[in-house]
Structure formats: structure tokens, C-alpha cells
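Asker: These are the residues of each chain, in order.
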Amino acid sequence: MKKILITEDSATMRSLLVSTIESLDDYEIVEASSGFEALRLLPREKVDLIITDINMPDINGLELINYVRNNPNYKDIPLFIVSTEGSEKDLEKGLALGANEYLVKPFDPARLQHLIQKYLGRD
Amino acid sequence: MTQPIGKAVKEFLAEAEEIVDQLNLDLLSLGDCADVGDCNPDLINSIFRGAHSLKGLAGMFGFAEISELAHNLENLLDSLRLGKIPLVAGTLNVMFDSMELLGNLVRGAGEGGGTIDISPAVQRINGCLNARPAAAAELQLSDLGLPDKVLNTLTEYEEHRLLENFRKGRNIYSILVSFSIATFDQDLGELTDMLKQAGEVISTLPSAGGNLEAAIDFELLVGSQQGLDEIIAIVNRDTAVVTLLGAAKRETAGGKPVAPAAPVSTEPADQTTSTAVAADISPTAKSISRTVRVDIGKLDELMNIVGELVLSHSTISSISSRLRLDGFSTLALELGKAAKNLERRLTELQKGVMEIRMIPVGQLYEKMSRIVRKVSREQGKKVDLRLFGADTELDKLIIEDISDPLMHIIRNAIDHAIEPPEERRNAGKDEKGCIKLSSYHKGNHVVIEIEDDGRGIDREKVRRKALERKFISETDNLSDHELLELIFLPGFSTSDTVSEISGRGVGMDVVKNNLTAVSGIVDVESTPGVGSRFIITLPITLAIIKALIIQSCARTYALPITSVMESLMIRQHDIMTVEKQEVIQLRESTLPLLRLSGYFGLQQAGGTPDEFYVVVVGVAEKRLGIIVDDLLGQQDIVIKAMGETFKGIRGISGAADLGDQRTILVLDVGGIINESMRGSA
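Protein chains in written order, with my numbering: chain P, 95 to 217; chain C, 112 to 792.
Hint data in this document are derived by calculation from the structure and do not stem from the laboratory. Take the hints with a grain of salt, since some may be wrong.
Claimed, not checked - As a list, the in silico DSS-like pairs of lysine-lysine whose alpha-carbon atoms are at most 30 Å apart:
| hint | chain 1 | residue 1 | chain 2 | residue 2 |
| --- | --- | --- | --- | --- |
| 1 | P | LYS97 | C | LYS540 |
| 2 | C | LYS547 | P | LYS212 |
| 3 | C | LYS462 | P | LYS169 |
| 4 | P | LYS97 | C | LYS543 |
| 5 | C | LYS409 | C | LYS121 |
| 6 | P | LYS212 | C | LYS493 |
| 7 | P | LYS140 | C | LYS260 |
| 8 | P | LYS96 | C | LYS758 |
| 9 | P | LYS212 | C | LYS462 |
| 10 | P | LYS97 | C | LYS657 |
| 11 | P | LYS96 | C | LYS409 |
| 12 | C | LYS462 | P | LYS140 |
| 13 | P | LYS183 | C | LYS307 |
| 14 | C | LYS751 | P | LYS97 |
| 15 | C | LYS307 | P | LYS212 |
| 16 | C | LYS758 | P | LYS140 |
| 17 | P | LYS96 | C | LYS279 |
| 18 | P | LYS183 | C | LYS260 |
| 19 | C | LYS493 | P | LYS97 |
| 20 | C | LYS751 | C | LYS507 |
| 21 | C | LYS547 | C | LYS581 |
| 22 | P | LYS96 | C | LYS493 |
| 23 | C | LYS547 | P | LYS96 |
| 24 | C | LYS485 | P | LYS97 |
| 25 | C | LYS462 | C | LYS657 |
| 26 | P | LYS97 | C | LYS478 |
| 27 | P | LYS97 | C | LYS462 |
| 28 | C | LYS485 | P | LYS212 |
| 29 | C | LYS195 | P | LYS96 |
| 30 | C | LYS751 | P | LYS96 |
| 31 | P | LYS183 | C | LYS751 |
| 32 | C | LYS409 | C | LYS758 |
| 33 | P | LYS212 | C | LYS540 |
| 34 | C | LYS493 | P | LYS183 |
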């Protein structure tokens, strides 16, 4: 089963993301409540896709994207940004750093599901 | 919000309350440090992030007021943290009050209470945005001589803090450190705590170190008054590399650190004076968002005015023709030209207002996705919802009105049509059922189709039920389509097809009625074992339409032109009667007829004329010829609701003003067609 890492500091938003992905029944999910936690999880879990917020308390999403894209072990993992409207500049930077897609909160669950399937295919 | 509160909403409310509580605490600390005149930028940023999260969450759960208020607060805090406006006492008060309101809204949402008007609070917040910005020297990030690798990962806020530190004459250090992957958060935490004593940690950039599996490198950006040696002493690690950034630039800039151009104002300032000066020196305090939220009621008003203008235009046109008839041809020509010009502009205006009302059906799709997820889980079925044409646009009011019917059809599909996984496997189908929801334009209409790959509608069951309820008799010979149409009859639905939507039982007849109320029509196709398809045809907008004005028994009615296919003149002897139904032969097909006089029970003065008009109307695939006495021409009309007293009169969808002080009734073509088809079935 393909594995998806969700990095998001809001527990509710995280559970929304989780239930959106869970309803596809095709993927395993690992949750990180901060950028640091994501950094710690990455070498432990073999992740196939990363979904990250931008505004987070320790390291921000951009820093996480930069880390992932410059690390030979993770550089090819598809990465989506899920961020709130009003962060357009940050979103643009995220895409420039190598994020593959972005969704704006309140995000469209169907679009997220569609994108996940597009990048990971179905089991 | 009268719906029962679901688990996810409860989770949201709990987190929202947590956020609001934390925001209140942070605001208090901010108040304290504002008094002292030295604000911790982290504090403002943390409040900003709180408001930011709350906005996103509330938006996800459809709590518009919470989201809106949080959004405005977020804008204000964004300007504060980016130094676009100074923190003054007035602003703090506004934030305290708004936070209290936010708390009330969150609690109110939990208790399902009424709504609170947030517009005064929003206005106050926006007033603060006009405050005098802290004047500062123009300084570019590129002046700092930082490597692109670092600049590219800075958020807008971090960029601002970097500039701010530079402006204050602080040194900017880059600190490269490497930690074990097992303990990096603790180690880094300790280091940043110590660095914060000496200055501000602006950003923490992780990077892949030489040892990918065991270590992780970080580049910290720190702004501090301290010299290089002091910072090295604080870091106190042999492996760490500490560099003073942008130093060369500083030297060339005149041998002294760039001094802050003006002291950053943290003093309470008079709100009125600051707004007074704002106009000419505050180009930056504008919202990032390019959209405005408007009450649909205001758009309705605007549409009404446009409608009245359209009527005034017709009056002017008719004056111009009268003038011509009375021999004032030059004047008539000029007036006619002016009227033509006015008409062009009016059409543009009308189109513009209409476009504002349009929203993509994608907004409905989100709701439907949630329903599918929820219901399929409840039922232990696997369902894949595929969405097409999410950007097809419809009038907002129509979108709102079709939400329930759509939800019902989809619920029904999961409840009754899609088989349980095992049954599907045995039938050689994919165990995951599929519901396709697609929207597209078709002429002046939008079509929404809901297609499932379930078991299809069981004709025998429908026939049995219809017999039980005496809708049909044993001898009735119904076509397949007529049989399927029976499911829309009032009273046909049983517990089998009734589902709970917003707490009340809804059957297919209600679905049909709801759709008819917005001049929509629903059709069904179904193949046993393969699936069913519901086809909903809707007008793009209800607000202002072109209508054919007709006359029957000396009464005038309007027929929406979108449903008029053609009109013909016929004679009495063209009419044939098939099974008690009047029909005419129109090209290759037989067209059922309906006498408006008979439908409304009107008395035909002076006997039946031998020659009359037939207006062929159609919605979706259905056609009907309406017999009328006269066609009076085309006109733009604004449909007004009939009000509570006359609500639900069959065959009438509203009233319209003709501009010459006459009010006429607008025929509900969808309803009339449905009724006459049912009568003939």
C-alpha cells in the first residue's frame, strides 16, 4: 500500500485530510503535526507522497519542501501544498521550490483525491 | 444551523475554542509588551497563525461568519506582522473586541444559536488597516547579499523580519549546525532558546547533510546586536559554522550600519488623525484578496433595478414609435437611436449583474463528496464519486435550491442502487460502485446528470407499487419510460426511497417539485443490472428572462422564451384526438396539445375560434403544444415571486410587470409539461 505523509499543525484540518484520503481506501497515512515531526518521520517511513501546510510553528512548509527536494532520498516524492488563501506569495515560492500541486483551504476533497490518484495511481 | 452537530464539527469547535483561548492569552501578552514599547514579533506572528488556522478551518466546515471575521483579523495581523501598519492602542482594542466576538461566534455555533452580525466588527478592523504605516527606508532583500538558496525558502513574514532586523542595524548571522536525526528537535530547541536571548531567530532551514540516514543539517538565520565572537560562544559547537552575512554590503554603504530611518511607532496614536493621513501615504495596507462578498439580496435588488430600467426602455421605444406614427419622424428617429444605444448598455449591465450571480456547480460537488463519503461508510459500500464539469456556472439561488434534490438522488443511489461489495463481485462488477456527477451547458440550460452503475430500477417492483397505490390499473399499458416516470408521483415513494435530508423525509416527488420550483425538469433512464441515470435540466438563471407574451381568453401571460421551441398557426381541423388527448402531427412526430383555456378553466368569449396559435414548448426531451389565442411579441421580464398567499398555484411560476402598469402571470412550463404528461400517462 502506498504511504502518504500529512504535515499539518491543526488537528482538525489533519483529520479532514485523513478522512478525505481514507475514503479512497487505497493508501496508508502517516501524520505529522509539525515540520520537525515530518523531518523525523521521513527517514523512518517509506513515504510515497507528502502533503504539507505552509504556516507551521517550527519549520515552515517551504523549508520542508526545500529539504525534501534537496535530499537525494526524497527528492522525487510528489509533494502537495495545502494552504489557506491569502498566502499566494508563499504558495508561488512553494511551487518554485518543487511542490507538484497546491490546494487552497477550504480544499475540495474530490480534487485532493483526484490528485492523489493521479500521482500515486490506485492499488 | 439546526442540523445535528457531527463528530467532525465537534472536533472543529473544540479546536476553534482552543485557538480562540490561546489568541486571547497571546493578545494579553501583546498588550503588556505594547505598553512597554517592545513587541515580540513572534507573538504577533503566533496570533496571525491562530487567526489564519481558524479561517481555514471555519471555511472547511461552512461557518462563514467565523471564517470571515477570522479572515479580517488575519488581514490586520498580517499587516501588523509585516510592519505595514504600526501597533497602536486603538488597534489592540479592536483586536480584543473582535476576539471576544469570535469566541461568541464559536460558542454560538456549538449551541446552534442564531447568527451575529459581524459587519460592524469587520468595519472596525478595516478602519485599523488605514492606520499610518511605519515609515521606513527602502531596503531590498537583494541588498543583504544572501544566497538564493536561503531567500527562496523564506515566507513573506520571514523576509519582513529579516529586513526589519537589518533596518534596526542588527547583524545577520547564518549558523550551520548538524544534529542527530534522533534528537535534532531537542538540540535545536535548546540552541534557538539560547540564540533568542541574544536576538531573533528568523528562520530555520533544514538541509540534507552528508550523512543522510543519521543526521540532519540546519541553517539558522539570526538577527542580533552581538558580535561574531559572542554568537560563536553561544552556539558553542566545534562543528557549527557561523557566518556574518551582508557585512561587505554594509561597509560599502558608507562604513556604518544602516540606521533605522525612523523609530518604529509603538505609541498609542489617535485613530482619527491616523486615518486622516492614511489616504495619501498608505498604499500598502490593502487586502491581498481580489474578491468581495456580497449579500445575494443586494444583487436581487440590483437585478430588479435593471429589470425596471429594461421596462423604462420599452416605454421609451414605444413613445418613439408613437411619435413616428404622429408624424414627428425626425424626433422619433433621434429618440429611437438613443433608445437603441440605451438598450445596448442595458444589455451589458444586465449581463454583468447576471454574471455576478453565477457560481460554479463545483461548490455543490464538495457537499456531494461529503455525502457520498458519509453514506457509503454508513452502508458499508464502496463508492467512487467521479465529478465532471465542476466549473459549469449557475445562478447562486438555483444552486442553493438544487442542493437538496441532488443530495437525495445521490443518497438514494448509494442506499438502493449500488449493491454491497459482495453482490457486485458476484454480478461480475467492480466491487467499488461508481457515481458520476456531470454538469454541462446545453443551449440556454445547464444539465446535471447523476449516473450510477448499480442494479437499476426494478420495473416489476415499480409496477406493483403503482398498482397497490392505484396510480395505474392492471389494464394500463405503459411504455418503459412512463413506468419509470411513476417514481416521481407524489405518494409513490415508500420507506425504500425516502431518505433523511436535513431531518425530514424526502421522496422523489419532492425532488421533482423542488426542481420544478426553479423551472427545472428531471428525467430518468435506467437499465436493470447496469445502472440508472437522472438528468436534471435547469435554466441558467431565473432573475431576468426573455419571454413570449401570449393571450388566451383575453388574458395575457408570459412564457419563458428558453422553453419555446417554435410557434405555429393551426386550424381546428388539424387537430386529431388520440386516446382523449388532442394532438397534431408536427413533421415526423405527434405533438400533444394543451388548451390554456381548459387548463386554467377560462371562459372563451364568443365561442372557439377556428384559427389559433400553438406555441411548442419543450424542456429536456419533452414537448408540448400550448394552444393560445394570440402572440403579442417578445419582451424582457423580471420574474417576481408570487408571495406566500399564491404560492404553489399550478402552472404559474411567478408574476412580471409589463411596463405599462400591467402585471401578468408567468407560466411554469416545466410544471405544465409534467402535469400534462402525467395526465396522458
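Asker: Checking each numbered hint in turn, tell me which of them this model violates, lowest number first.
Answerer: 3, 5, 8, 9, 10, 11, 12, 14, 15, 16, 17, 21, 27, 29, 30, 31 and 34
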